[in-house]
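Taken in order, these protein sequences are the chains called Z and P. Here the working numbering is used: the first residue of the first sequence is 9, the next is one more, and so on. Here the working numbering is used: the first residue of the second sequence is 28, the next is one more, and so on.
Listed below are several chain Z residues computed to face chain P (Cβ distance under 10 Å; list not exhaustive):
1. L62
2. R83
3. G86
4. I88
5. A114
Chain P stretches covered by chain Z per the calculated footprint, using a threshold of three residues with CB under 8 Å from any CB of chain Z:
6. 205-211
7. 249-260
I should point out that these hints are in silico values taken from the structure, not numbers from a laboratory. For every residue, glycine included, the Cβ atom is placed at its ideal position computed from N, Cα and C.
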Amino acid sequence: MSQAAVEVESVTFAYPGAPAPALEGVSLRVEPHERLGILGPNGGGKSTLVKLILGLLSPQSGRVSVFGSSPADARRAGVIGYVAQRAELELGLPITVREAVMLGAAWRTAPWRRPPREAVERVDRVLELTGCRSYGDRPVGSLSGGQLQRTLIARALAAHARVLVLDEPTVGIDAAGQEQFAALLARVHAELGVTLIVVSHDLRAIVAGSDRVACLARRLHSHTSPQGLTPQILAELFTHDVAGLLGSLRGVHVHAHAAGEPCGEPSHAPAPVQLGIPRTAKSAAAGEGAPGATRGPDA
Amino acid sequence: MLEPFFDPSSMQFQALLAGAPVVLMCGVLSVLVVVKRLGFVGQGVSHSAFGGVGVAALLAVLLPSALARADLVQFAVVVVFCIAAALGMSAVSNRRTLPTDTAIGMFLVGSMAVGAVLVHVSRTIGRGAPVQSWESILFGSIFLATRAEIVIGWLAAACVLLASWWFRRPLLFWVFDEDSSPAFGVRTRAMRALLMVLLAVSVVVAMKLAGVVLATALLVLPGAIALRISRRLGPVVAISVVSGMLALVLGIAASTRFDWPAGPCMVLALTLMFAAAAGVSSLRRAEGPASAGAAA
Chain Z
9 MSQAAVEVES
19 VTFAYPGAPA
29 PALEGVSLRV
39 EPHERLGILG
49 PNGGGKSTLV
59 KLILGLLSPQ
69 SGRVSVFGSS
79 PADARRAGVI
89 GYVAQRAELE
99 LGLPITVREA
109 VMLGAAWRTA
119 PWRRPPREAV
129 ERVDRVLELT
139 GCRSYGDRPV
149 GSLSGGQLQR
159 TLIARALAAH
169 ARVLVLDEPT
179 VGIDAAGQEQ
189 FAALLARVHA
199 ELGVTLIVVS
209 HDLRAIVAGS
219 DRVACLARRL
229 HSHTSPQGLT
239 PQILAELFTH
249 DVAGLLGSLR
259 GVHVHAHAAG
269 EPCGEPSHAP
279 APVQLGIPRT
289 AKSAAAGEGA
299 PGATRGPDA
Chain P
28 MLEPFFDPSS
38 MQFQALLAGA
48 PVVLMCGVLS
58 VLVVVKRLGF
68 VGQGVSHSAF
78 GGVGVAALLA
88 VLLPSALARA
98 DLVQFAVVVV
108 FCIAAALGMS
118 AVSNRRTLPT
128 DTAIGMFLVG
138 SMAVGAVLVH
148 VSRTIGRGAP
158 VQSWESILFG
168 SIFLATRAEI
178 VIGWLAAACV
188 LLASWWFRRP
198 LLFWVFDEDS
208 SPAFGVRTRA
218 MRALLMVLLA
228 VSVVVAMKLA
238 GVVLATALLV
248 LPGAIALRIS
258 RRLGPVVAIS
268 VVSGMLALVL
278 GIAASTRFDW
288 PAGPCMVLAL
298 TLMFAAAAGV
308 SSLRRAEGPA
318 SAGAAA
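For reference, chain Z alone in the conformation it holds in the complex (with noise of 0.2 Å):
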């Protein structure tokens, strides 16, 4: 078996004084180049997922590691790149996007030293990509969200990611805003053929650009592809919230289709719609039920 991207063994972590584990015998591999979506409602331990995915949080059980290492070393050679939930920037720092960007691939830069050349290169690069390049001189307090966002990937992507991280990377962007995003990042996951972790709870932000999708409410419901979502799996994963859930899903188109791999048996049976979910190329590439090489405990 080739060496996952990121691999969750068995993990359990409770936070000091919690009633109850934020995550418990969570199992997860992520193969290199693939885009997984983690969905979850709020409290779900999938904000505490990723920071034991980038090393911030050590696992009470079980074991982590991020291409063979372990997240800490990981991290500190920059092989994950990350880019937070609503990130409480400082806007009036006087830094264009450019530096913004740089600080990202040259901030371990010896003091003495310029920016490698390489490094210059990587941050024209990431710029033209995220299509940050044209407002790359203007000062970040002046940014919208959408730019502001775009910046903060470029900023992952120019310290030399190889898995990219994005925690709620929807939250408080408009319909369209989404569609860009979702466009942006299968043109960043394209051209640099970097593994993406996209962790939210709103679901048509994690089916919009998956390959996989992990179902986690402290433990891992469901490992599955977007196309196999059902609403027996949305009802379990968010219990009372999922009324709400499906009426975020105004829009996107609903259809009869196979049914995925819903996790364990649900009393009563929602309505039996099946949803259809967007299919990315990739996963139409790859055919209907894309790898399920991992499986949650329940799954």
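Given chain Z, work out where chain P should sit, using these hints.
What follows is chain P alone, placed relative to chain Z:
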């Protein structure tokens, strides 16, 4: 009027020599303080110096050695006290249990109380030994700076500027995006501690120039002025330092001409500069859409 500033034997030149390193340090740090909204931290650190002054005064009285009264040792004692207070504020503040402003307020008043008690005790048991006056602690006395204090000021400025330059990249990364810094490997605690130490050193040196009460102004106003005028890092730092230098010259000139206190004059000059910069900035913003509309 400016001639005395170029005469090495004049008191204006000596005051300029004493004030320049402070303005350099504070000019650079001021940009970070304003952007990172650490103005109140500066206030807390500067007032913590009261405690440091008290400890230094007590040491000078209790220890028979002349070393304890040496300027460098007295300076080091106050700096160490301020650094401890700054790191303490940072360590005990917690978003949920103890908000930062509360922690700063506690250290501020606690240090002032310690300073007041220790200075009183030093005067009582010292029986006439020289103890720094409250007025000079509060408002500074730039014209009374000794040669040793001027040398210490330049050494401190060299250290602060070198550290700011050396760590500029991780420091800027942290200032811009503290939340994501750990994920990129930037050590947030180390960066915060570094900035606190640099602030503490600057504040202690600035006390000589403008006093405890007004030292914060030197850490806030130059950066606030510069950020109203430019949005590029290089020009902002340059404008911040130049505005501080201009205020220093104006403060010294006003003090020698009208016999006004130099520290408050400096701060008044900076306040007026800020008002002018804010006015110009508002006019530019108001003209922006209008001119764009005319162009359309």
